[in-house]
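Starting from the given sequences, assemble the full structure and let the hints guide the process.
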Amino acid sequence: MTDSPQAAIAKDDTVLVSEAKAGSYPAFEELVNRYEKKIYRLGLNITGLPEDAEDVLQETFLKAFQHLSEFREDSRFYTWLVRIGVNEGLMKLRRRRADKTVPIEDHVDEEGVTVPREFADWSPNPEQLLAQSELQSILDNAARSLPPTFRTVFHLRDVEGLSTAETAELLDLTESAVKARLFRARLQLREDLAKVFKRG
Amino acid sequence: MTLIGCKEVMQELSNFLEGDVDDDFKRELRSHLNKCSHCQVVVDTTRKTIELYCDGEIFPLPEPVRTRLHQVIRQKWFEKCK
Chain A
1 MTDSPQAAIA KDDTVLVSEA KAGSYPAFEE LVNRYEKKIY RLGLNITGLP EDAEDVLQET
61 FLKAFQHLSE FREDSRFYTW LVRIGVNEGL MKLRRRRADK TVPIEDHVDE EGVTVPREFA
121 DWSPNPEQLL AQSELQSILD NAARSLPPTF RTVFHLRDVE GLSTAETAEL LDLTESAVKA
181 RLFRARLQLR EDLAKVFKRG
Chain B
1 MTLIGCKEVM QELSNFLEGD VDDDFKRELR SHLNKCSHCQ VVVDTTRKTI ELYCDGEIFP
61 LPEPVRTRLH QVIRQKWFEK CK
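Protein chains in written order, with the working numbering: chain A, 1 to 200; chain B, 1 to 82.
Each hint should be verified, as a subset may be incorrect.
Stated by the list, open to error - Chain B regions said to be covered by chain A (calculated; three or more residues, Cβ under 8 Å):
#1 21-34
#2 38-47
#3 50-63
#4 66-77
Claimed, not checked - Under the rule of at most 25 Å between Cα atoms (straight-line distance), these lysine-lysine pairs were calculated in the PhoX-like manner:
#5 B:Lys80 x A:Lys63
#6 B:Lys48 x A:Lys198
#7 A:Lys11 x A:Lys63
#8 A:Lys37 x B:Lys48
#9 B:Lys7 x A:Lys198
#10 A:Lys179 x B:Lys26
#11 B:Lys76 x A:Lys21
#12 B:Lys35 x A:Lys37
#13 B:Lys26 x A:Lys195
#14 A:Lys37 x A:Lys63
These are computed hints drawn from the structure, not numbers from a lab.
Backbone N, C-alpha and C define an ideal beta-carbon position, used for all residues, glycine too.
Okay, structure coming up:
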């Protein structure tokens, strides 16, 4: 019997993973449907380039498919996907570094405090003043201006909601380095957005 | 009660946004924010910055990217199952 789309949507990830392991393509496709947007966003935030984000997206799900039998289900499927996606994204950056296109390591003075310069209040709900594509472009450009590990830390901590310890482990950084990069990333993004969103 | 200044607010900004400061410090920080409009703006707009990046609606997956993803996965899946 073929599952209806509604039945598939209602299923827990663990059920879909079990069915996919048993050979069900619809089950795996449903897992892709659930997380494709988030993994693309992850790839875009790590690499900063749409074409690299698409590669990260494809490689993440292909690796998940190829290694599904090895997924031990002692963590959430999505957490496992994020780990694969982060590794794919970092590999992209390393390849670019080998091409001398972009540095991957950022020098950070962890003792220093970034000083905010923009103190004007923002318009209430600035996102409602702009078309979605315009807002996306502003946010993407601001993120792209950050060093790669800064925007990766910001994405993992603030968008994915990973803990400092989890982020440190994934990126092979110390927890204090994660905190320092997160602080700098948040403030830098705020400064950039303030130039656009400040009142009058 | 120790009076904290703008520098301390900035140093603890991330921890404050995550609720990871003790109650005494939180009280002092809120007291500072009530008097310091600059710090209040920085706290509010940093919080808003995070909210904007978390809004999934702003960041769609382009349809051609999605179509290519599903084509590749379908092809690899059925190649493996042959």
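Outcome of the hint check:
1. 21-34: Answer violated; 0 residues pass the 8 Å Cβ test.
2. 38-47: Since 6 is at least three, the answer is holds.
3. 50-63: It holds: at least three residues are needed, and the region 50-63 of chain B offers 12 whose Cβ sits within less than 8 Å of chain A.
4. 66-77: It holds, with 9 qualifying residues against the three required.
5. B:Lys80 x A:Lys63: Holds. Lys80 (chain B) to Lys63 (chain A) sits at ~13 Å (cutoff 25 Å).
6. B:Lys48 x A:Lys198: holds (12 Å)
7. A:Lys11 x A:Lys63: holds (23 Å)
8. A:Lys37 x B:Lys48: Judged against 25 Å, a Cα distance of about 22 Å means the pair holds.
9. B:Lys7 x A:Lys198: holds (23 Å)
10. A:Lys179 x B:Lys26: Answer holds: Lys179 (chain A) to Lys26 (chain B) is near 19 Å, not above 25 Å.
11. B:Lys76 x A:Lys21: The given pair, whose Cα atoms are some 15 Å apart, holds under the 25 Å limit.
12. B:Lys35 x A:Lys37: Since the Cα atoms of Lys35 (chain B) and Lys37 (chain A) sit roughly 42 Å apart, the hinted pair is violated (cutoff 25 Å).
13. B:Lys26 x A:Lys195: violated (29 Å)
14. A:Lys37 x A:Lys63: Measuring from Cα to Cα gives roughly 17 Å; hence the hint holds.
Violated hints, listed in ascending order, are 1, 12 and 13; each of the other numbered hints is respected by the structure.
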